[in-house]
Amino acid sequence: MATSDNMQGLDDVRRGAAGGSAWQGERREDSGEESRREKGVKVYRCEECSRQFSRLHNLKTHMRTHTGEKPYRCEECSRQFSRLHNLKTHMQTHTGETIMKCFRCEECHKQFKLMSNLKRHMRTHTGEKPYRCEECSRQFTGLGNLNLHMRTHTGQKPYRCEECSKQFSQLGHLKAHIRTHTGEKPYRCEECSRQFSECEECSRKFSDSELSSLKKHMRTHTGEKPYRCEGCSRQFSELSSLKKHIRTHTGEKPYRCEGCSRQFSRLDHLKRHMQTHTGEKPYRCEQCSRQFSEQATLKTHMRTHTQ
Numbered sequence: 001m002a003t004s005d006n007m008q009g010l011d012d013v014r015r016g017a018a019g020g021s022a023w024q025g026e027r028r029e030d031s032g033e034e035s036r037r038e039k040g041v042k043v044y045r046c047e048e049c050s051r052q053f054s055r056l057h058n059l060k061t062h063m064r065t066h067t068g069e070k071p072y073r074c075e076e077c078s079r080q081f082s083r084l085h086n087l088k089t090h091m092q093t094h095t096g097e098t099i100m101k102c103f104r105c106e107e108c109h110k111q112f113k114l115m116s117n118l119k120r121h122m123r124t125h126t127g128e129k130p131y132r133c134e135e136c137s138r139q140f141t142g143l144g145n146l147n148l149h150m151r152t153h154t155g156q157k158p159y160r161c162e163e164c165s166k167q168f169s170q171l172g173h174l175k176a177h178i179r180t181h182t183g184e185k186p187y188r189c190e191e192c193s194r195q196f197s198e199c200e201e202c203s204r205k206f207s208d209s210e211l212s213s214l215k216k217h218m219r220t221h222t223g224e225k226p227y228r229c230e231g232c233s234r235q236f237s238e239l240s241s242l243k244k245h246i247r248t249h250t251g252e253k254p255y256r257c258e259g260c261s262r263q264f265s266r267l268d269h270l271k272r273h274m275q276t277h278t279g280e281k282p283y284r285c286e287q288c289s290r291q292f293s294e295q296a297t298l299k300t301h302m303r304t305h306t307q
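Under UniProt numbering, the first residue of the sequence shown carries the number 1, and numbering increases by one thereafter.
Treat each hint with caution, since some may be false.
Computed list of lysine to aspartate or glutamate pairs in DMTMM-like fashion (alpha-carbon distance at most 20 Å, straight line) [what the hints assert, rightly or not]: (1) 110 <-> 128; (2) 129 <-> 238; (3) 88 <-> 69; (4) 281 <-> 294; (5) 157 <-> 48.
Label-pair distances were calculated between CB atoms; the ranges are [unchecked claim]: (6) 133 <-> 288: 38 to 44 Å; (7) 61 <-> 110: 24 to 30 Å; (8) 279 <-> 48: 40 to 46 Å; (9) 166 <-> 233: 45 to 51 Å.
Because the hints were derived from the structure by calculation, they are not lab data.
Predicted model only: the values in this text are computed from it and were never measured.
Cβ atoms here follow ideal geometry from the backbone N, Cα and C, with glycine treated the same way.
Using the sequences provided together with the hints, build the complete structure.
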């Protein structure tokens with residue numbers, strides 16, 4: 001999105017370079033950007049996703065999320081990064097340098113370098129979801145998550161595979177897909193240095209953005225259950241499962257049927273209930289093709305074939 005201020009700043013740089021006084025042009029552009037930042041004006045717009053920025057530098061950095069460009073490379077292990085800050089942080093894994101973390105979560109004692117990151121993290125404890133989708137009312141803890149979700153409504157798929165032209169709504173999904181062409185295995189075991197891109201137990205595949213999901217998934221194999229209910233001491237492998245369980249103590253039922261106003265403590269229970277209104281029967285018997293609205297009913301029916 002070109003504005004008069006935007007074009008004026010670029011013209012200043014060009015005139016300065018032509019006249020041997022590039023520094024003066026840059027100084028005027030920097031001054032203009034400083035003024036815009038103070039006013040909160042965002043004149044630089046991403047053509048891919050329409051996100052706007054007050055500084056051209058920030059737009060250029062953001063564009064790498066679309067292009068996949070990673071110009072900063074670690075000399076130790078050749079891993080590449082889109083931002084210099086991320087490379088510097090990564091280098092500390094080689095040097096052993098301790099990262100200064102000043103802000104600490106009182107709930108789980110995890111530490112953060114920025115207060116904004118701590119505030120965002122606290123939502124995992126409070127359950128706060130301040131960002132709401134105008135289309136379906138689903139709520140999210142972060143603006144980035146809402147923006148990704150919106151693509152399910154718009155159908156936008158800005159990430160394209162150069163090999164086969166398949167398109168994706170998320171960069172992480174594209175990266176995972178590219179491994180079907182390259183055979184890359186980005187995850188490394190700290191114990192034996194073996195690398196993998198899928199769960200060694202069941203071959204389920206994970207993308208770059210799903211490394212935390214891989215760790216969570218591994219608990220299905222290890223049996224680890226780090227989340228504990230204060231009410232009855234029952235333990236869970238996932239925080240979301242603990243939150244669902246807590247509703248059995250509080251009686252909270254946040255999911256409401258628009259058809260009959262009946263309320264439910266779990267979204268999957270509401271979806272199952274909705275089938276009583278729609279008549280949908282997604283579970284089909286492979287033996288006789290009879291269909292059922294609930295999986296449990298199908299399982300009961302299947303016994304009539306095995307008896």
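Hint-by-hint comparison with the structure:
1. 110 <-> 128: 18 Å, holds
2. 129 <-> 238: The given pair, whose Cα atoms are some 18 Å apart, holds under the 20 Å limit.
3. 88 <-> 69: 17 Å, holds
4. 281 <-> 294: 7 Å, holds
5. 157 <-> 48: 10 Å, holds
6. 133 <-> 288: 38 to 44 Å: 41 Å, holds
7. 61 <-> 110: 24 to 30 Å: 26 Å, holds
8. 279 <-> 48: 40 to 46 Å: 41 Å, holds
9. 166 <-> 233: 45 to 51 Å: 47 Å, holds
Of the numbered hints stated above, none is contradicted by the structure.
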